[in-house]
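What follows is each chain in one-letter form.
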Amino acid sequence: MRETITPRRALQMVVIAAIALTFLLPLYWLTISALRPEEDIFRYLNPFGPWTLLPNRLTFENITELWSGSFSRAIANSLVVALVTVIAGLMVCAPAAFALAVIDFPGRSAIFTAMIVSFLIPFDAIAVPLYSIMRGFNLQNSYAGLILPGIGNGLAIFLLRQFFQGIPKDLREAAMVDGMGWFQIFWNIYLPLSKPALISAALIMFIFQWQAYLWPLLIAPSNDMKVAAVALAQFSSAYNVSFGLIFAGAMFLSLIPMLIFVFFQQYFTNSVAATGSKE
Amino acid sequence: MGAVTISNVRKAYGSVEILHGVSIDIADGEFVVLVGPSGCGKSTLLRMIAGLEDITAGEISIGGRVVNRLAPKDRDIAMVFQSYALYPHMTVEQNMGFSLKLQGVSAAEVKQRVAGAATILGLTSYLGRYPRNLSGGQRQRVAMGRAIVRSPSAFLFDEPLSNLDAKLRVQMRSEIKQLHQRIGTTTVYVTHDQIEAMTMADRIVVMRDGNIEQIGTPLELYDQPANQFVAGFIGSPSMNFISGTLDGGRFTADGGTVIALASGPASAASGPVTIGIRPEHLRLDPAGFPVEIVTTEPTGAETHILARLGETEIVGTFRDRLACVPGDIIRISAEPGHIHLFDSKTALRIIG
Amino acid sequence: MRRPLTFVLVADTVANFLVFAPVNILTRGGPQGSTDLIMNQIYTNAFVNGDPGSAGAATVVLVALVLAIVLVQFRLMGERSER
Ligand SMILES: Nc1ncnc2c1ncn2[C@@H]1O[C@H](COP(=O)(O)OP(=O)(O)O)[C@@H](O)[C@H]1O
Ligand SMILES: [Mg+2]
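Chains as they are written, first to last, in the numbering used here: chain A, 1 to 279; chain B, 1 to 352; chain C, 1 to 83.
It is worth saying that the hints were derived from the structure and are not from the lab.
Computed list of lysine-lysine pairs in DSSO-like fashion (alpha-carbon distance at most 27 Å, straight line):
id : chain 1 : residue 1 : chain 2 : residue 2
1  : B       : Lys73     : B       : Lys177
2  : A       : Lys195    : B       : Lys101
3  : B       : Lys73     : A       : Lys169
4  : A       : Lys169    : B       : Lys101
5  : B       : Lys73     : B       : Lys101
Here the structure is a predicted model, which means the values were calculated and not measured.
Isolated chain A (complex conformation) (with noise of 0.2 Å):
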């Protein structure tokens, strides 16, 4: 099937692409800033020129003083906080979203109403509290204190109940005629049937925690513990702001979610074409 492109048509493409470009041109600066040599990192912007865009000398000393210092430790951090956090957070949330759109039980909107209010607060507004809490455990500085927080996500449990609601009831009570009971339907048949939805539900846990700073900042600001975020940004001190590992970390702590994204995304994708028959 050819599309024949009318002039608005075209219009649209044109500001769609301008727009998508708007996005990326930061990224690419950060990318092509972490492979220049430091002092050419800011060198080119003023006056700006073919230079401020395009590297003219390219260097992996950036990239190799990152690696061979702590910031891998810090990634490693970050990626166990990040996919624990998903795992443990799908455990959780995904029942309880199978609650709360399903099964008729008293206090069941009173819950959900409380759910949808702990997910508008932003979590930093409880962070400072929440933090004398968990010292009260002993859970500085250890994975349990940077992971808890993130596993009960009330936007995932939203998006999930959300999804789950649109599930037609007669596949159910068809299931419960065939045998199964509540765990069974959860099981056997939502599951299944909303991987679009857990997909999503996982990459908003693991952007929680990939991008949280003041959390663990405060939880686990140890040289072993600290995650990626923290890091970076103490490659800028007071006395001493190295921008070169900057822009190579940066570089890094986007493109690893990205590359997550994308790789879902194909996927997300193809699991909505799988199950976007009426039935």
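Add chains B and C with the ligands to chain A, keeping to what the hints say.
Just chains B and C with the ligands now, kept in the frame of chain A:
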């Protein structure tokens, strides 16, 4: 075994009662159709049998066992939904075999029983397909297959044919009936379509507004409707009603026309009555009462006419080919033995 | 589209309501408090100035403020996402 007993069952949502004490005895192996206008509570009753709705009051038993407090999976029933409710992520084979797998039946036996059901339903070559790749009629068959592999005590159908086109509906109607004749499982079938009810049922339960109006075989309902509602609901085109007064065996319509009735105890009553005449029981008769033609619809085999007797519209079905145009007056009469009498106040049949 | 749009609106507003990292990393609230935002102030009070009491008080004010905004958002959504 599969007898289903419903005694004095009520259903209320909050303070609104929508089933007002319903009792039906369904024998083992019987095919019972619940029929009635949309919203009369048929689905609700069926879902109460299935265990998908609580029973507010009364008792339901299946195979001699009271099931009020049992979960659907413990009731030994299978249900076919209007939407078919096939699991979209499972193949036809998996859809049909899933309940057996849950019961712990061995994989080999599941395969064998699914294959058996697939043969009966003509689904053998579709076992590997997903529901989205099937036509409406095939999905419908898979939904039935999912029910029959389990050999339950009873099948429950909720308007299973209403998503199919007219031709397929007629075909599936007879397939379901043949299936029942073959495996003989007790069946409760819900529909709003009286033709489905008439053609499929051993016995029909006519419902209205949460009450049972009449229970009987299709011909009992056709021949002896208990009240004016059943009389009008069963049969197509619907029965004609003419109100008037009865006086010593003589019926005078409100417009003054006299219509002859068969003599008998019923016509011995007197007072305001409504008579009911099915369109197929009218015939052309030079000695009959005059009506004015409104429209004629020749179908080839029969001619349908819509005519007017005073203010009342009357539908007639005639074998004869009528050569008449709107405005013509023709004379018709009803076979006296086929005239139904209803009390004008209570709408109940006057027994006779 | 109305529901997804409200959803994005809410999620985004909330995400941007409290900004901490840029303030903390880039300016530390300076010069002379001109770029200070509430989260950084709470953090500085609690962990730099060693005054958890005033940080706690500020947190209470903050949460109350956010709750008020959340309530307004609930109203705006109009439909508490019922089917
Ligand atoms: N969950 C419910 N809450 C309140 N009323 C309901 C509910 N389900 C059905 N009803 C009402 O019960 C009546 C009967 O419904 P239903 O059994 O579906 O009718 P039918 O299948 O005969 O068309 C209808 O008036 C309907 O509005
Ligand atoms: Mg119904």
